[in-house]
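S.K.: Residues per chain are reported as follows:
There are 2 protein chains.
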Amino acid sequence: MRAPDIIRKKRDGEPLEPAEIAWMVRGIATREVLDYQWSALLMAIYWRGMSPAETVALTEAMLHSGTVVDLARIAGPKIDKHSTGGVGDKTSLILAPIAAAAGVMVPMVSGRGLGHTGGTLDKLESIPGFRVDLDLDQYARVLEQCGLVLVGQTAEIAPADKKLYALRDATSTVESIPLIAASIMSKKLAEGIDGLVLDVKTGDGAFMNTLERSQELARTMCEIGARMGKRMTALVTRMDEPLGLAVGNALEVIECAACLKGEGPADLMTLSLELAAEMVLMAGLEPSIEAARAVCQRTLDDGAALERFRRVIAAQGGDPRVVDDPGLLPRARHQTPLLAPRSGCVVRARAKPIGHATVLLGAGRSRMEDGVDHSVGVMLHKKVGDRVAAGEPLCTLHHDGESRLDEARVLIQEAFEIADHAVEPAPLMVERIAISPAKTSGP
Amino acid sequence: MRAPDIIRKKRDGEPLEPAEIAWMVRGIATREVLDYQWSALLMAIYWRGMSPAETVALTEAMLHSGTVVDLARIAGPKIDKHSTGGVGDKTSLILAPIAAAAGVMVPMVSGRGLGHTGGTLDKLESIPGFRVDLDLDQYARVLEQCGLVLVGQTAEIAPADKKLYALRDATSTVESIPLIAASIMSKKLAEGIDGLVLDVKTGDGAFMNTLERSQELARTMCEIGARMGKRMTALVTRMDEPLGLAVGNALEVIECAACLKGEGPADLMTLSLELAAEMVLMAGLEPSIEAARAVCQRTLDDGAALERFRRVIAAQGGDPRVVDDPGLLPRARHQTPLLAPRSGCVVRARAKPIGHATVLLGAGRSRMEDGVDHSVGVMLHKKVGDRVAAGEPLCTLHHDGESRLDEARVLIQEAFEIADHAVEPAPLMVERIAISPAKTSGP
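As you go down the protein sequences, you meet chains A and B in turn.
Take the first sequence: its position 179, counting from 1, is numbered 179 in my numbering, and each next residue is one higher.
Converting from the second sequence to my numbering requires adding 1000 to each position, the first position being numbered 1.
The hints are simulated quantities; they were obtained by calculation from the structure and are not laboratory data.
Check before you lean on any hint, since a few could be wrong.
Using 30 Å as the maximum straight-line C-alpha spacing, the simulated DSSO-like pairs for lysine-lysine come out as follows [what the hints assert, rightly or not]:
| id | chain 1 | residue 1 | chain 2 | residue 2 |
| --- | --- | --- | --- | --- |
| 1 | B | 1261 | B | 1009 |
| 2 | A | 162 | B | 1261 |
| 3 | B | 1009 | A | 162 |
| 4 | A | 9 | A | 261 |
| 5 | B | 1383 | B | 1261 |
| 6 | A | 162 | A | 9 |
| 7 | A | 383 | A | 261 |
| 8 | A | 9 | B | 1162 |
| 9 | A | 163 | B | 1383 |
| 10 | B | 1261 | B | 1163 |
| 11 | B | 1162 | B | 1009 |
| 12 | A | 9 | B | 1163 |
| 13 | A | 382 | A | 261 |
| 14 | A | 9 | B | 1009 |
| 15 | B | 1162 | A | 163 |
| 16 | B | 1009 | A | 163 |
Calculated from the model, a selection of chain A residues having no Cβ within reach of chain B, i.e. all distances over 10 Å [what the hints assert, rightly or not]:
| id | residue |
| --- | --- |
| 17 | 209 |
| 18 | 333 |
| 19 | 388 |
| 20 | 436 |
All C-beta atoms in this analysis are idealised placements derived from N, C-alpha and C, irrespective of residue type, glycine included.
Next up, chain A with everything else stripped away, as it sits in the complex (with noise of 0.2 Å):
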């Protein structure tokens, strides 16, 4: 095979075949496709699109580029989430502990924030001692033995993936659907998993612009997931503004435990418990979600999910006394509010410059390479659809009082609009979909 000719075919529109694709990404370890070449085949992709038996093909190649986890040794059902992104997006530290405790296995490899958004890693990185290098030996260990792990991909995870989404990023080759779900795929079939349920965002802080892609992607990546035999559910949920009420990575934790505790914001509370019982119901473990969504609340209102939490935290190296003890986390030196400039309905509280205010207090990066300040962040006192007096405070700006303050201030207040007439915020959920394996796919 010749990489200018598979080139060109993906370039005049035609079906690429999986052992084609399967040694363009060989060809990046062996150098025998060089970095230029992928980069012209990125184009074309972007450009041509792929089909569901393309997707998968790459998807598979990328995967098998490294290591695949086997937890075939684990008992139970090993269920993951995954979402797309968002602002205040922390659910996976909330319904991780509860389906833990439902009885779910989870296995979940997160990555760090970029941009906008947060990550999960630097969320849990703000809490004392806690590892997310794990090896895999170390991995499996904390699985069985807490029902959860939370860990960063290691080197061994699908490399190809990890080179093709440099490229990617340096060429204006990322907004592809079939690129973003292959990547996305690839790293999470990797983490040994019998099934995904994917939170995909859409709106003002989700990735994808429109509500016809997020579905889209939606579809793709469930179709991946179950032609190579995993059971997949996708949910669809609106991004408009941050989800609950914390924005930075400490302030999060602390919303989390509050969560956990059944304490938390409604909207946070309820997609946190949805995502949950998906999983439980994907698990096997209840005949339906309503059954399903039961057993969830039940783990909250028992203390189980809040006791798997601080369990998992301290397999990792971390202090559980933190879900009890706030004062433990990291705090920013200085708490600034924002008033409001006016009184009536707050009608948007947009999530993508309320997220870019807090990579300006420091919370998140702009370059991977960049680190962050755990303590930094925004605490929202209103939503959308709340009532406001002129002078009360929308939010709190927790900082270190640099420079930047003043940017990040001027950011949020355009975020914020509040009229005269009353909302309705917009319903979380959009859409559902839910694809099991054929019975005769294989892996």
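Start from chain A and add chain B according to the hints.
M.R.: Same frame as chain A, but now just chain B:
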């Protein structure tokens, strides 16, 4: 500026600013733009195309990536010809001496053969002692002495084009009209010319696969040249069967000498004279194309063109006696005729397989780093429209008894088609495009 932003604009079909294109081209040398970013941009250009303004900007940027020869101190109109390449296409060696004898200064920088087409440099190098690698001083001196000079591209000419061409070749982004046009024009405009006559081939043996694309390429190149202050004329001409009878380096030099004596095959004589006449007309030496044709014919009749050919061969280190004694040129060891399998009229003699057959015999190269055998090739005895009797030779293969003879023979056998009905060869000239630079446009 950032490469990903520029790639994104082209990806989304937005026009690029000249400054952005110039920055991308400069980035090749400064390493601010990496190969894999350029190849993604090349694929995006292949997809989205380029406006005339963008194509001019790319041409100018590549032109100024290297030396631009200044021939201002040499008196007289400097006009070159460029052909997009074909089989048996040897007009350069005929028209350059004719135009020079008619008073045009012809500074001609040519290329080598690649794939099924021949290259002027390979043909010239079949002349014992002939040197095509002159430096810029020698280049100007030979031009001044002889009225023509026939050399290869030096490393100082348009290095960015050399780099981008290699990338295009490795990423299947060669066949893009703006990229082809900018590549050709950046090299030609570096020669220091006032005007350029283009011979854009169309048909089986041409690189452009349809007449429409050939016409579009011709118009694009004329427009670039005119916008950059050059006089431009393009003839779109057929390349369905080889031009003339000889295909192969030394064989073609012999045929050129015959043409300069007025004894060449009709199609080759006509096209060479027409292109030379266009150069004379463009140079402003004659008031009409008819008068220019007459002047060119006179340089054949009085031996002036032949004398120019001898003079330039001697000036570039070659043996000028080859013009009168073909025995001084390399000659293949074996001559094998290929006989007509049936009687009838030759209705097709496809240029492409005949070109490929001569490459198999060793006359051309499939990779740029290969060498060529100057002695081998094919002499046609029959062309389209000729009647032939069964067993009569269609052509003679000049070869060295090597193993690929059989493959070459099969290719040529299949290239010839003999039918009962008679046909007339299609007229060589399809279209003429001429554009003068706008008075206001400066270089």
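S.K.: Taking 30 Å as the top limit, are the C-alpha atoms of residue 382 of chain A and residue 261 of chain A close enough?
M.R.: The hint holds at about 22 Å.
S.K.: Would you mind confirming whether the straight-line C-alpha gap from residue 163 of chain A to residue 1383 of chain B stays at or under 30 Å?
M.R.: violated (55 Å)
S.K.: Can the restraint linking residue 162 of chain A and residue 1261 of chain B be considered satisfied, given a maximum Cα separation of 30 Å?
M.R.: Cα-Cα ~66 Å, so violated.
S.K.: Taking the minimum C-beta separation from residue 388 of chain A to chain B, is that value above 10 Å?
M.R.: holds (39 Å)
S.K.: If you draw a straight line from the CA of residue 9 of chain A to the CA of residue 261 of chain A, is it 30 Å or shorter?
M.R.: Distance of about 56 Å is beyond 30 Å: violated.
S.K.: Report holds if the minimum CB distance from residue 333 of chain A to chain B is greater than 10 Å, and violated otherwise.
M.R.: holds (35 Å)
S.K.: Is the straight-line distance between the alpha-carbon of residue 1383 of chain B and that of residue 1261 of chain B 30 Å or less?
M.R.: The given pair, whose Cα atoms are some 22 Å apart, holds under the 30 Å limit.
S.K.: Just to be careful, I want the Cα atoms of residue 1162 of chain B and residue 163 of chain A compared with a cutoff of 30 Å; is the pair within it?
M.R.: Answer holds: residue 1162 of chain B to residue 163 of chain A is near 27 Å, not above 30 Å.
S.K.: Does residue 1261 of chain B pair with residue 1163 of chain B here, judged by a C-alpha cut-off of 30 Å?
M.R.: violated (41 Å)
S.K.: Does residue 163 of chain A sit within 30 Å of residue 1009 of chain B, going by the straight-line distance between their CA atoms?
M.R.: Cα-Cα ~23 Å, so holds.
S.K.: Is it true that the CA of residue 383 of chain A sits at most 30 Å from the CA of residue 261 of chain A?
M.R.: holds (22 Å)
S.K.: The output says residue 209 of chain A does not contact chain B. Does that hold with a beta carbon cutoff of 10 Å?
M.R.: holds (12 Å)
When held up to the earlier numbered hints, the structure conflicts with 1, 2, 4, 9 and 10 and fits the remainder.
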